[in-house]
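Colleague: Sequence:
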Amino acid sequence: MGVKRFIFCISSVAILATATLPSAHAGPYDKEIDNLQKQIDEVNSDIDNIKNDVNTEEQKILDLQNELLEIDETIAEAEALINSEDAQLVKYPIKLELLADDYIEVWSSRSEPFQLRRELAIDSYVRNDERMNSVLTQSAQLTDETLRGIRSQILYKALIDETEGRLESVDSKMRITGERVSGVHEEIDAARNKQKDNVLIQQEARSRIPAVKERISDLRSGIIDLENNIDNLKVEINTLNGEIERYRLLELSKQWTGLPGTDIRRPALAVKIDNVSIARPQAGINQADVVYEELVEAGLTRLIAIFQTTDSRVVGPVRSARTSDPPLLTGFDSPLFAYSGANRGTREVVKDSDLTDVGYDASRESYWRSTSRRAPHNLFTSTERLWSQHPDRNEIPKPPFTFRTENAPLHANAKKATGVFVDFGHAEIDYAWNGKGWERTHNGEPHGDGDGVRVAPANVVIQFTSYGKSVADSRSPEAITEGTGKVWVFTDGHLIEGEWERKKDSEPAEITSGGIPIRLTPGTTWVALAKTGTATWR
2 MGVKRFIFCI
12 SSVAILATAT
22 LPSAHAGPYD
32 KEIDNLQKQI
42 DEVNSDIDNI
52 KNDVNTEEQK
62 ILDLQNELLE
72 IDETIAEAEA
82 LINSEDAQLV
92 KYPIKLELLA
102 DDYIEVWSSR
112 SEPFQLRREL
122 AIDSYVRNDE
132 RMNSVLTQSA
142 QLTDETLRGI
152 RSQILYKALI
162 DETEGRLESV
172 DSKMRITGER
182 VSGVHEEIDA
192 ARNKQKDNVL
202 IQQEARSRIP
212 AVKERISDLR
222 SGIIDLENNI
232 DNLKVEINTL
242 NGEIERYRLL
252 ELSKQWTGLP
262 GTDIRRPALA
272 VKIDNVSIAR
282 PQAGINQADV
292 VYEELVEAGL
302 TRLIAIFQTT
312 DSRVVGPVRS
322 ARTSDPPLLT
332 GFDSPLFAYS
342 GANRGTREVV
352 KDSDLTDVGY
362 DASRESYWRS
372 TSRRAPHNLF
382 TSTERLWSQH
392 PDRNEIPKPP
402 FTFRTENAPL
412 HANAKKATGV
422 FVDFGHAEID
432 YAWNGKGWER
442 THNGEPHGDG
452 DGVRVAPANV
462 VIQFTSYGKS
472 VADSRSPEAI
482 TEGTGKVWVF
492 TDGHLIEGEW
502 ERKKDSEPAE
512 ITSGGIPIRL
522 TPGTTWVALA
532 KTGTATWR
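One gets this note's numbering by counting positions in the sequence shown from 1 and adding 1 to each.
Please note that the accuracy of each hint is not assured.
Subject to a maximum C-alpha distance of 30 Å in a straight line, what follows is the list of computed DSS-like cross-link-like pairs (lysine-lysine) [to be verified]:
hint : residue 1 : residue 2
1    : Lys-32    : Lys-504
2    : Lys-399   : Lys-532
3    : Lys-504   : Lys-416
4    : Lys-487   : Lys-417
5    : Lys-487   : Lys-505
6    : Lys-92    : Lys-174
7    : Lys-532   : Lys-470
8    : Lys-214   : Lys-52
9    : Lys-352   : Lys-504
10   : Lys-352   : Lys-505
11   : Lys-235   : Lys-32
12   : Lys-352   : Lys-532
What follows is a list of derived Cβ distance ranges for each label pair [stated by the list, open to error]:
hint : residue 1 : residue 2 : range
13   : Asn-444   : Arg-249   : 37 to 47 Å
14   : Gly-515   : Asp-424   : 26 to 36 Å
15   : Lys-61    : Asp-506   : 51 to 61 Å
16   : Thr-533   : Ser-222   : 44 to 54 Å
17   : Gly-516   : Thr-75    : 53 to 63 Å
18   : Lys-417   : Asn-239   : 19 to 29 Å
19   : Asp-172   : Asp-73    : 50 to 60 Å
Since the hints were derived computationally from the structure, they do not count as laboratory data. Since this is a predicted model, take the numbers as computed values, not measurements. Ideal placement from N, C-alpha and C gives every residue a C-beta, glycine not left out.
Hey, can you work out the whole structure from these sequences and the hints?
Modeller: Right, dumping it as structure tokens:
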């Protein structure tokens with residue numbers, strides 16, 4: 002059955018179980034899913050806020066566009082007024098020319114006063130002007146030679162009076178014409194001033210246009226940035242939804258391996274296994290979810306096989322504990338610890354830890370010795386026997402790793418790799434990618450189990466670790482698995498370089514690269530607790 006069909010079947014069973022059972026256990030990833038959902042809600046809230054900002058900016062643009070329309074109207078009105086004043090100014094020169102003709106005509110009438118006076122006298126006489134006739138008659142009566150001068154004076158004065166009256170009339174007309182000319186000039190000045198004012202209004206309005214357009218451009222650029230932020234947040238939501246989906250799929254998978262199936266509610270079981278040449282092939286190492294390899298005396302190594310999702314009818318050969326074991330295993334929620342004994346100092350360390358002792362001394366009935374091997378490399382046990390010692394334990398401990406779901410991409414920092422070599426001293430270990438797993442070689446020999454199956458885990462983790470001296474035996478190295486360090490993760494034909502950090506002694510170390518968790522390929526995992534500088538990859 003394909004993986005997808007298997008997951009679908011499991012999903013159907015889970016849905017059916019939910020529908021038929023009155024109550025069910027909370028999912029193992031409910032907390033993670035709730036946290037992710039909260040993040041999605043927060044991101045959606047951020048998107049809503051940004052959309053409000055976009056609406057605000059768009060309203061600002063609309064206001065500015067209305068302002069541009071008002072500016073255009075102001076410019077058009079000013080243009081109309083300018084054109085009107087231009088049309089009026091065209092008429093003023095004609096008015097002035099006409100007034101000039103009038104003025105010249107009036108002026109000409111005044112330019113020859115004596116001729117005007119004679120003409121006025123003759124004209125008065127001809128027209129039988131009473132006043133002039135009276136003066137002339139009066140002068141005619143003065144015939145005496147002595148009165149001749151007086152008659153001339155009377156006549157001249159009469160002429161002067163008449164002409165002065167006429168001149169005053171002409172001067173009055175000249176004044177009126179001059180005032181009309183002045184009035185036209187004042188109208189011209191007023192029209193030009195209005196024109197200047199309208200030009201200034203027009204120029205001021207036009208000068209505002211670039212600033213308004215720049216503000217509109219800035220606002221549009223800001224809107225583009227906000228919309229890009231929305232797109233980025235939507236990508237983040239898709240990522241978070243992908244995470245939720247991954248956790249929901251993982252709920253249908255075994256936490257410790259990421260393989261399809263349902264978790265069994267039981268504690269982790271750690272078995273200390275011999276790893277010298279005479280102890281190989283070992284039993285149960287291919288069934289374990291996680292296998293740690295740690296340095297012991299003389300450059301040799303021991304294995305710690307941890308079971309949670311699977312069983313093995315035979316596990317071994319079981320060997321003695323080291324002080325490296327409790328600090329490492331305490332992160333797995335008081336796991337069962339199977340071992341064949343230890344020196345006094347190590348026994349005290351195990352006793353003082355939170356490990357649940359199911360070692361040979363505590364549970365002899367769970368072990369047997371094989372007749373096909375020599376002691377001390379012939380002590381074996383089974384997972385069923387050891388778990389049966391604590392049937393009340395139904396918790397699922399936190400796994401040391403997280404896994405990718407089917408078709409999920411590798412970490413962004415992944416790069417292709419074909420293998421890795423680790424030199425513990427007398428134990429030289431090599432892993433080579435075969436397209437499905439990492440085939441293990443020990444001191445040049447293919448490493449297989451008791452059933453003849455090659456060790457080829459889906460994942461190999463090189464956790465670079467410092468070693469100190471054991472408090473129980475100065476000759477024994479003690480792995481320091483608390484704190485931080487470098488890590489190489491080999492998965493799916495790739496290497497991801499990163500960091501491991503153990504934030505709490507009660508939890509396993511977390512592995513990240515660039516601050517992003519490294520997720521493994523579903524399957525088993527072998528971990529080498531190697532000293533810095535002892536591994537090379539290819």
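Colleague: Next step is simple, just say for each hint if it's right about the structure.
Modeller: We went through each hint and held it up to the structure:
no., hint, result
1, Lys-32 <-> Lys-504, "19 Å, holds"
2, Lys-399 <-> Lys-532, "26 Å, holds"
3, Lys-504 <-> Lys-416, "27 Å, holds"
4, Lys-487 <-> Lys-417, "19 Å, holds"
5, Lys-487 <-> Lys-505, "17 Å, holds"
6, Lys-92 <-> Lys-174, "23 Å, holds"
7, Lys-532 <-> Lys-470, "14 Å, holds"
8, Lys-214 <-> Lys-52, "23 Å, holds"
9, Lys-352 <-> Lys-504, "24 Å, holds"
10, Lys-352 <-> Lys-505, "20 Å, holds"
11, Lys-235 <-> Lys-32, "23 Å, holds"
12, Lys-352 <-> Lys-532, "28 Å, holds"
13, Asn-444 <-> Arg-249: 37 to 47 Å, "44 Å, holds"
14, Gly-515 <-> Asp-424: 26 to 36 Å, "28 Å, holds"
15, Lys-61 <-> Asp-506: 51 to 61 Å, "56 Å, holds"
16, Thr-533 <-> Ser-222: 44 to 54 Å, "50 Å, holds"
17, Gly-516 <-> Thr-75: 53 to 63 Å, "57 Å, holds"
18, Lys-417 <-> Asn-239: 19 to 29 Å, "27 Å, holds"
19, Asp-172 <-> Asp-73: 50 to 60 Å, "55 Å, holds"
Comparing the model with each earlier hint shows no violations; every hint is respected.
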